[in-house]
Amino acid sequence: MKKVTVFLLLISINLISLKLVSAQSKAEVLIRNATVLTAAKGTLENADILIKDGKIARIGKNLKASSNARTIDATGKFVTPGIIDCHSHTMMDAVNEFSYSVTSMTRIRDVLNPTDIAIYRALAGGVTAANLLHGSANAIGGQNSTVKFKYGKPIEDFVIPDAPPGIKFALGENPKRTNFNPTPGATPRYPRTRMGVMEVIRDAFVRAREYKKSWDDFRAKKTTVQPRRDLELEPLVEVLEGKRLVHAHGYRSDEHLNLMLLADEFGFKVATLQHALEAYKIAPEIAKRGTGASIFADSWSYKLEAYDSIPYNGYLLWKAGVVVSINSDSNERMRRLNVDAAKMMKYGGVPEEEALKMITLNAAKQLGIDRRTGSIEVGKDADIVIWNAHPFSVYSHAEMTMIEGEVYFDRQQDISKRAELARERETLEKMDINRPPGSGGTPPAIPKEKRQSHLDDADSDKDGGNRR
Amino acid sequence: MKLQITNYELRIIKPVFNLCLSVFLCGIFSFVQAQNDGSQQNQTGKAGTFAIVNARIVTVSGGVIENGTLVIRNGKIEAVGATISVPSGAEQIDAKGLNVYPGMIDAGTNLGLAEVGQGAPATIDVAETGDMNANAKAILGINPHSSHVNVTRVNGITTVLSMPQGGVISGQSAIINLNGSTQNEMAVVPLFGLVINFPRITTAAGGFNPFGPQQPIEFSEALKRRDQRLEDLKKLFRDAENYARVQDAYAKDKNLPVPQTDLKTAALAPYARGEKPIIFTAERERDIRGVARFAADMKIKAIIMGGQEAWKAADELKKNNIAVIYTNIYSLPVRDDDAYDYLFEAPAKLQKTGVKFCISTGDGGAEVRDLPYHAGLAGAYGLPKEEALKSVTLYAAQILGIADKVGSIEVGKIANIVVTDGDILEPRTNVKYLFINGRMLPLTSRHTELYDSFKDRK
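Chains L and U, in that order, give the protein sequences. Take the position in the first sequence, starting the count at 1, then add 1116; the result is the number in our numbering. The second sequence: position 390 = 370 (our numbering), numbered continuously.
Okay, chain U solo, but in the shape it has when bound (with noise of 0.2 Å):
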């Protein structure tokens, strides 16, 4: 079944909602449920049949066919090896001396939601107003024609993780290929992971709670806060876990009273279940450990975004199931004493420690581009090389639970590709062609577009 996010606003909406709330929810999980599979794509790029022939292909899961092909139909990998014959009438393209790659994957970006940081307010729609944004959804914040998408695309990024921040229930994320005219186009998974920043322990004045201490506190006073503001998050996830096992006795039995609507709370209640995956912002080990336990405690899916000590908590975190969005490559260590290298290496240690992990950029947009420079910075501190290209691809696929439609080249994947002159991480190496979805993209952008205006001009 598939659910047009058009028609699930405008159900929203409805009054008569209020009535059949269960349907509501039911609607809600069959609607994340309804992945997009790219067979209804828009018209951006060229269709058709591909054969990319003669190239070095790297599956990422399978190795790499140092001269192989790949045939790309109806927006899939139809067929890939080294003794794959070209179908007739594909489009052929010659790879001699080139590679084939899957699409990159950012699983930490804002982008679509922010256009101009600085001056231009009314292009930021990151941060919804309130604390508390469990229903905000990213996917309807994302503007398909942001100039950011074609300038990270035509650098070889074709899915990125796009959320809200802010407050201390961000909102839900979306995973969107960065192709299509509409944002169901784009959607790949449109209401992924909920945001939450998870209070962290803090002495500091300010700091995590707006309306918090304005004087440096001692700690155990800091730790203190830190634990009633958990208990307040607990709070209400049991407030979400009763508001929809309200809803379901409703459905089951029509004769009890008639429940009431609350959208933060509705929108809350499949990640407090445990059915759907909650990201949370933490740096430092005793915060990541501070989710690790409340993960457990609660029953919950958890998923680290930032991570910058997660090394430190592998124990717990490899225990508890939860990967890392590592988002600190591009970060400054936070104490001076910390060695100067310490948020490089920190992917070459997580993956020592065996935790799943991926690199992403954390941008909000503009710079997602640079997500090949992250990953081949962490290779320049001790991640191996194929470590590297697989944290930007591979795993970050596994970690958004989209590896059975993209992050490597695999028969029956969705055809996100990218060909290239060099190693992909590089920042020398050039991409030559790009797919999305199997549409051929033109390698243009807002950049090139500029360039080609002036680069004439005596």
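Next up, chain L with everything else stripped away, as it sits in the complex (with noise of 0.2 Å):
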């Protein structure tokens, strides 16, 4: 009965501040005289942005408007495109289905969650969209979605619909269940080495292969027995004809280098290599192959095969021209992925739009939705970021989040509410149905899984804690 009423409260709480989000009508926007960071074509100093239908219709100085449009003066403000987080478990109410060592049956698709407080406070931090993944406990794991995080609306609303499709592969200490305490008594799972892991992707790539000709065979007409539809391969299938993009989660490079050199030989190729923390080891080797790198800027040594991770990785990797995205895999370290960017600049010395490319553009280039989003170019996407001061100083904070011209995050806004949201909580508070049996007041309990900030729980025991 608790639950159900903290439940009441928590999901009216939430609609308040969906209300927060005014969705307005795909109306005209110009947003006026800011510096412009196009993570395309430079920095443009006192631009106007025209946006119209959601898109970016024109840019440059002094533009009109139409009487009807709504005009945002960025005067003194920065605007970037909307920041794309290339690894991300936000809004997932599950993230490893644990059982397998190949579960491309699984879609992320079906376990989204829509009104995630995690959704908003990305938001706030200037990220418009989103690779979500299924976790690394499985050598072949599940089917991704990419979304834009248009919170307060339905969860059709989030799937970018001509995203290509992807599918997560795990390598290393996380597929091997290195950190994972099993049940007494229980059969361990295979693999447990990385031979292991090498020979269940091989053997799922083999099996897929056959899988394809039987059904080519079909459709030729050489055979008039239609296969048995296959779940687990039909995505593998899509690999193989180049139509889905393969996300590998590692971080020792040989083990990296062997996933691309068995690509190689089964004739596709790895869209990304998630985390890739060694990647600067085989730098010539993956800009050769045009596979993209998603790291974190500078974590290390919370696991051991985290611990050659060196912060000058995007920038020797940047230089061997490989395309590079800083990514978060966390719900917390999401809101901050601007100064993660600038660290680049730090580190080794990449220059400020690569380094801004590597949270905007080349995310956008790695998910294939280069094309929509990732840059303030005419034609694109309305996903739009102002900033109160320049994105890469540390005092920065995001003013306006926009996604195809409609703002999802205004800090105004959300400010001039909360005296109206704390004085709604507190009448919910005393509402009867929501005052808790006992004395005084309890909080709501958090669930254990909402405190993470790192989310992929492949490497942990049951009880959870950090990990990536």
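Calculated directly from the structure, the hints in this document are not laboratory data. Hints may contain errors.
20 Å max Cα-Cα, derived PhoX-like pairs, lysine-lysine [to be verified]:
1. L/Lys1404 - U/Lys214
2. U/Lys435 - L/Lys1435
3. L/Lys1435 - U/Lys438
4. U/Lys329 - L/Lys1533
5. L/Lys1404 - U/Lys438
6. U/Lys292 - U/Lys214
7. U/Lys76 - U/Lys281
The structure displayed is predicted, hence computed values, not measured ones.
Using the hints, put the two chains back together into the complex; each one sits in its own frame.
Here it is as structure tokens:
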């Protein structure tokens, strides 16, 4: 009963905060007189951006908008494309299907929760899109969802319709369950070594190749017996056909190289190496294949396979010609990816625009959505952040975040509604139905998983904890 | 008087020690006072007399000197000002266009106690077995050769508090400079505050006490259980005071029965007597108020570690002279309906109340180097920039009781100096020179070494 009332309380408060995000219709918006960091064509001073139908219609000086357009004076402010987090588990009610070593049949789309408060907090950090990935407990994990953070909208609106589908792979400690305490007496899951991880992946692709052939033969009328659909192998066939992106979690350079060699053999390209904290050791091999790297700016030492991670990783990969993105893998860190990008200028000396691309355009490229988002260019979706100061300054914060021209975060509006929300909360708490039995006030119990900053539970035992 | 840690350790295990416990107690106190003045430092880096000239010197305690000179000699700051002449024989460093800062201080880490978080338990020395470990000493677990040391200091952090965690009484923290080949060489205050996880009111299953409720309980019941745990803690404190009294009496009169030794209780005594500070971890308002009342009742010195809602309890914190080590910049708000910037702006709120505070990473070690960005983010959400800088330098030193040694650029202080090409709190800023205890240290680390190994691979 108490749970229900607490739930009702939370829901009602959530609804109020949803109202905060006054999703206007796709009216014209004119952002005036900003310093625009385009992430594609340099920095424009005193520039205007005109948004029509959710797209960037014009960029220039002294632009005119129609009379019903909303005009935002951004004098003294900085504008960037919306940040794209290329590795996230935000708004997912489940992360890992732990059971099998190959769980390619599972879909993150089935566990998305559009009311997760982490979405709003990410928007407040300037994040507009994310690659929502299955966890790393399996050599081959589940299918991803590439979303925009349209908080307050139904879940259908989150999923980017023309984003190419992807799938999570994982190498090293997590799929071999190094840090997992198995239930006593339970049969240990294969694989337990890096050798086994590679064999699981090889076996899956051998089966996928044969499965594909059976369908090809059927379609070519070489056989009359229709093959039985295999939901495990279908996505892997799409990988073989170049229709599905592989996002491969891994740390050690040798295992990422081995995966790329296997991909060479089966004739596909790995889209991104995720984490890839040792990628700097094999930068030429990655660059040669056109594979991307999606890394932490500077995390290291939190587990053994992260001990050779260096903050110069991004710089060395960029120098070698690899498309690099910086991700968070964390509801907490997601809110300050701008500071992470700034660190790339410090460690090695990535130029400013290239550093900005690592949290915008490069992530879009890696996810195959760069035709519509990732930079401030005419024709692209108006996914835009307005900052009070240069976003690479630690003293900056996002003032406003919009997706396709609609405002999903507005700091001034957020602040102005706080008193009202506090009153609302007080009223709700006093309602008979919400009064906790017993004396005093019991705050809502926060589920343990909600308190974790790092969400991939792949290398933990059942109690959870910090992990990546 | 100076005591060496190694000697101290030897003395602990001598059986004869049982017979002279009062000496032991005195020994602890003098040991604690035997703070390192930097004169006996190790051989890492380059010693000498240095003059940093043409520098913009951010003293923190006395404003900014736009074009000044700073002289380092014998490990100390010998002179600082706009019209200082360079002593003969000094190595001169031209800092034109550069800024000079005091080294930053992180007052809440496990640096040196935890190398690799997962998959290498042998490298973790943070939490001792059991709930009551007043005698566990961080200084004896810190690995002076941890790779975290260099990685942290090359970003301008020169001093940290490293502490044990876990249980109820976790153990005694240590304040160290990030240079030294032995624990003693690193030590600024080898035995600083005792760390206690203040018993929380929790209705959740499990929670604070591993033997606690497995089902959620009513609030009134939770309150009762918290109060019981507080009573248990108070009893331990009284036992420790009584223990020390018995030892004192025996020291004066050897005809009294020989008192038995109990290392845990003995270790608790100076804290229970209010002679040394206790660091209480507490986040929520009611727990922080609980600490304030506990400190007042027991007449002890308290510091809050964590402090998410400390600003709400400012009245009682100020009344009881309790400072806050704030560790929640990189934390998510606990409740879904907390404002998104609830924990970013808490330092600004604290500062407005006048409660003494500093900002810490609260990190295990690897990410302590992010300390300036924790302070900077507080600056993004309302904390004035100068206060943000003080929160990781002078204020931290004041709370740790070492402001006579570090935390600002003043004549006579230990020469922990950082020279940068920009605002030290900005992520784009680079450290150009680094001094700890007056030694000029190479800007190298595990990271630069790996970088050098692979940067030219084609």
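Consistency of the hints with the structure:
| no. | hint | in the structure |
| --- | --- | --- |
| 1 | L/Lys1404 - U/Lys214 | violated (66 Å) |
| 2 | U/Lys435 - L/Lys1435 | holds (10 Å) |
| 3 | L/Lys1435 - U/Lys438 | holds (11 Å) |
| 4 | U/Lys329 - L/Lys1533 | holds (19 Å) |
| 5 | L/Lys1404 - U/Lys438 | holds (11 Å) |
| 6 | U/Lys292 - U/Lys214 | violated (25 Å) |
| 7 | U/Lys76 - U/Lys281 | violated (45 Å) |
Taken one by one, the earlier hints fail for this structure at numbers 1, 6 and 7, listed in ascending order.
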